[in-house]
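Can you build the whole structure from these sequences, using the hints too?
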Amino acid sequence: EAGVAQSPRYKIIEKRQSVAFWCNPISGHATLYWYQQILGQGPKLLIQFQNNGVVDDSQLPKDRFSAERLKGVDSTLKIQPAKLEDSAVYLCASSLVPWTMNTGELFFGEGSRLTVL
Amino acid sequence: SQQGEEDPQALSIQEGENATMNCSYKTSINNLQWYRQNSGRGLVHLILIRSNEREKHSGRLRVTLDTSKKSSSLLITASRAADTASYFCATVVTGTASKLTFGTGTRLQVTL
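Protein chains in written order, with my numbering: chain A, 6 to 122; chain B, 166 to 277.
Accuracy of the hints is not assured; some may be wrong.
As the list claims (entries may be wrong) - Once the Cα atoms are required to be at most 20 Å apart in a straight line, the calculated SDA-like pairs of lysine to any residue come out as:
id	chain 1	residue 1	chain 2	residue 2
1	A	49	B	250
2	A	49	B	234
3	A	49	B	204
4	B	264	B	204
5	B	191	A	46
6	B	234	B	206
7	A	49	B	191
8	B	221	A	110
9	A	67	B	264
10	B	264	A	109
11	A	16	B	206
Keep in mind the hints are simulated off the structure, nothing from the lab. No experiment lies behind these values; they were computed from the predicted model shown.
Quick look at the structure:
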């Protein structure tokens, strides 16, 4: 079974530029998550989708971050314009469990490491 | 904000020894999960313990949960160099469906 795919693995940009990350979850997984992990810290949830609807985006900086999950499969996370503090690893995860159930494990991709100069 | 706080932040042991990591959280939970992250990689699920469970085993892993103290511990027995990684606890807070909130992590170094 193929895992969660993410691209690109690494990206270096100048501040105020834009960047987009792509995620393809495990086939059949209804729930998709984007986490931000700053060096030395635990992952912080940015947005959670259930199929193509947003379940939670309370910690997404909406003035510069946007995410979509068209057709309930692939997802893209965009940052525009980027700031220095956005340097982090962006992790995508998916889960078989729908949002109405309170159990289940997450399957993570390898992450996309962003460096903002 | 982080729901869980791991203790210690870093742990260095020799191969064959046991490693114990602790996690404290703030609010009522449905379940607590432990994940491992090797350097530069994604997180891998290790074990899940539900709020009505007190102890769970999986291979060399033993997890305990004390909901009265809002704490959990992860014990890795007979550690190996390959266990070197960061370990995170994550909680599903009651009423938040399948939102998983991670702690700050423990960096484990196992030396030969």
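So, going through the hints one by one against the coordinates:
1. 49(A) <-> 250(B): With Cα atoms ~19 Å apart, residue 49(A) and residue 250(B) stay inside 20 Å; holds.
2. 49(A) <-> 234(B): 24 Å, violated
3. 49(A) <-> 204(B): 18 Å, holds
4. 264(B) <-> 204(B): Since the Cα atoms of residue 264(B) and residue 204(B) sit roughly 24 Å apart, the hinted pair is violated (cutoff 20 Å).
5. 191(B) <-> 46(A): 18 Å, holds
6. 234(B) <-> 206(B): 32 Å, violated
7. 49(A) <-> 191(B): Satisfied, since the Cα-Cα distance of roughly 16 Å is no more than 20 Å.
8. 221(B) <-> 110(A): 16 Å, holds
9. 67(A) <-> 264(B): 19 Å, holds
10. 264(B) <-> 109(A): 10 Å, holds
11. 16(A) <-> 206(B): The hint holds at about 16 Å.
Against the hints set out earlier in the document, violations occur for numbers 2, 4 and 6.
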